[in-house]
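On the provided structure of chain A, position chain B as indicated by the hints.
If you read the sequences in order, they're chains A and B. Here this note's numbering is used: the first residue of the first sequence is 1, the next is one more, and so on. Here this note's numbering is used: the first residue of the second sequence is 297, the next is one more, and so on.
Hints may contain errors.
[Unchecked claim] Computed cross-link-like contacts, DSS-like style, restricted to lysine-lysine with a CA-CA straight-line distance of at most 25 Å:
1. K92/A <-> K452/B
2. K99/A <-> K33/A
3. K458/B <-> K447/B
4. K271/A <-> K183/A
5. K317/B <-> K103/A
6. K249/A <-> K138/A
7. K464/B <-> K99/A
8. K99/A <-> K300/B
9. K112/A <-> K464/B
[Stated by the list, open to error] Between beta-carbon pairs, the in silico distance windows are:
10. A288/A <-> G432/B: 47 to 53 Å
11. L312/B <-> K105/A: 30 to 36 Å
12. P306/B <-> E89/A: 41 to 47 Å
13. A305/B <-> H252/A: 31 to 37 Å
Simulated from the structure, these hints should not be mistaken for laboratory data. We put the CB at the ideal spot given by N, CA and C, even for glycine.
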Amino acid sequence: MKDYALFLGCTTPTQVLQYELASRWVCKELGIKLIDMEDFVCCGFNQAHLSQEAGLLLAAMNLAYAEESGLDVLTLCAACAGQLAESIERLKNQETRDKINQKLKTLGLEYKGETGVKHISRVLYEDIGIAKIKEKIKIDLSHLRVAPHYGCHYLKPESALGGLDDPDNPKSLHQLVSAAGAKPVPYEGLHLCCGGKSYPVSEEMAFYLVKKKLDNVMARKADCLVVQCQTCYLMYSGLQREINERFTKGYHLPILLYPQLLGLAMGGDPKNELGLDFNTISSHELLAKAGINRMI
Amino acid sequence: MKYKRTNRAPIPLSELDPGFKSEVIRHEEARGLNVCFSCGTCTAGCPVHVIFPEYSPLKLAKMVQLGMRKDVLGNPFIWYCVTCHNCEHRCPQNVKFFNILTVLKNMAAREGYSPASWVEQTQQIMQTGMIFPKRGKWEQRREALTLPEIKGDGTKAKRLVKLTGIDKIKARIES
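Bound conformation, chain A alone:
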């Protein structure tokens, strides 16, 4: 299994530590070596809205550092994966690349266009594969009804993601959930965005989008929603708590990051290895249903 440069992004290492913890544990167990990179900075996704060039420069800086170490990048955040993948596409244009490299020179860097990027779920899906994952399962999760949420940037823009999955009818996360032994549950509005980007500008929109997703998933009596991006995680769990406090009580839908679900199935310690006690919405009922009592 090849090594990857671990791209933590901005939100995961400061606000969703359990995602990092569970991802590191799952990768270690599956033989994916993650290399921490001191020089990585923000992927530039948000800054591109103010200056496309600044966004591209930040992305190129990260890619150049990974390239220097001869590594491809593994991200935890779907938007980081999208931004870096889109930047790789943009930097294939010689003129653009020359312009960016001219500026990267101030740091003694050059991006040649050799580094690739993959989101962790994609590494699990493509590099490890469903069959290999199934071999590692120790705990039976077949009683769990799990609703998958892909996240917009995991699937789009399609042009930068090289045939990962069909954005209109995605299957990869369903298969990963099945590989962990749980039952993927269909629900209305699979494509609905978490609204993470809207939160700083419009609470109204953020609450609307989160509530709609929670309503649709809870209507199908799912035990949890599984996400693969820390922003989706923060929206569905943080705003779920706020909805209970400010509007309607009675929302209870545990939100798990995919490596947490897979980690449970692989026999990881819910607290020390998968950080489930950090999750805002308690997963005690979920663990009891799966017969895992170590955390309670």
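Below, chain B without anything else, positioned relative to chain A:
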């Protein structure tokens, strides 16, 4: 929902900027505007439009074509996009509206219309290299979980992004 007719004042033609469209499509990423045939598939798939009908990718594209410079760049709704990419994914003409909007936001930012949160993020990146503050509770949490320390040094990122002038962008004054 009952249909409500809105009595909108006509667009004052004398205030249109006929050069606006060419100013926008000078950016290669916004060239798609030329092949848009106004079918509205982008707006039909937009989650923001469901909540704020005032926001519509199709309408914005039309406004650019008409030269409604100030109404586009000063429109707070251009910052409401959730970046879901539905508009461009579903477009039958393969117009990348997401990229057009980025061009518009870049222009708006240079003219002082950016929301404060975006500008604050730039400041943070120049300090820590990331969108988070230099110090926080997370440091102790990381230590307790024996996760590796994060240096959070923005020196290099600052040197780099300053070359683009992004540090000069001022936030919109909220009225």
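### Task
Note whether the CB distance of A305/B and H252/A lies within 31 to 37 Å or breaks it.
violated, 49 Å
For the pair supplied as a hint, K112/A and K464/B, is the alpha-carbon distance within the 25 Å limit? violated, 30 Å
Quiz item: When you take the CB atoms of A288/A and G432/B, is the distance between them in 47 to 53 Å?
Solution: violated, 34 Å
ask   = If you check the beta carbons of L312/B and K105/A, does the distance land in 30 to 36 Å?
value = violated, 43 Å
Given the hinted pair K464/B and K99/A, is their Cα-Cα distance within 25 Å? Satisfied, since the Cα-Cα distance of roughly 21 Å is no more than 25 Å.
K271/A paired with K183/A [C-alpha distance capped at 25 Å]: holds, 23 Å
Exercise. Hey, K458/B versus K447/B, does the alpha-carbon distance stay inside 25 Å?
Worked result: Within the cut-off at roughly 21 Å; holds.
**Prompt:** Hey, K92/A versus K452/B, does the alpha-carbon distance stay inside 25 Å?
**Reply:** Roughly 24 Å separates the two Cα atoms, so the pair holds.
Check your understanding: Is the Cα-Cα distance between K99/A and K33/A 25 Å or less?
Key -> Not OK: K99/A and K33/A at ~34 Å, beyond 25 Å, violated.
- Task: Measure nothing beyond the straight line between the CA atoms of K99/A and K300/B; if it is 25 Å or shorter, mark the hint as holding.
- Result: violated, 51 Å
Straight-line alpha-carbon gap K317/B to K103/A, limit 25 Å
The hint is violated at about 30 Å.
| message | Please check whether P306/B and E89/A have a Cβ separation lying inside 41 to 47 Å. | response | Holds, since P306/B and E89/A (Cβ atoms, about 43 Å apart) stay within the stated range.
Consistency note: the structure conflicts with the earlier hints numbered 2, 5, 6, 8, 9, 10, 11 and 13.
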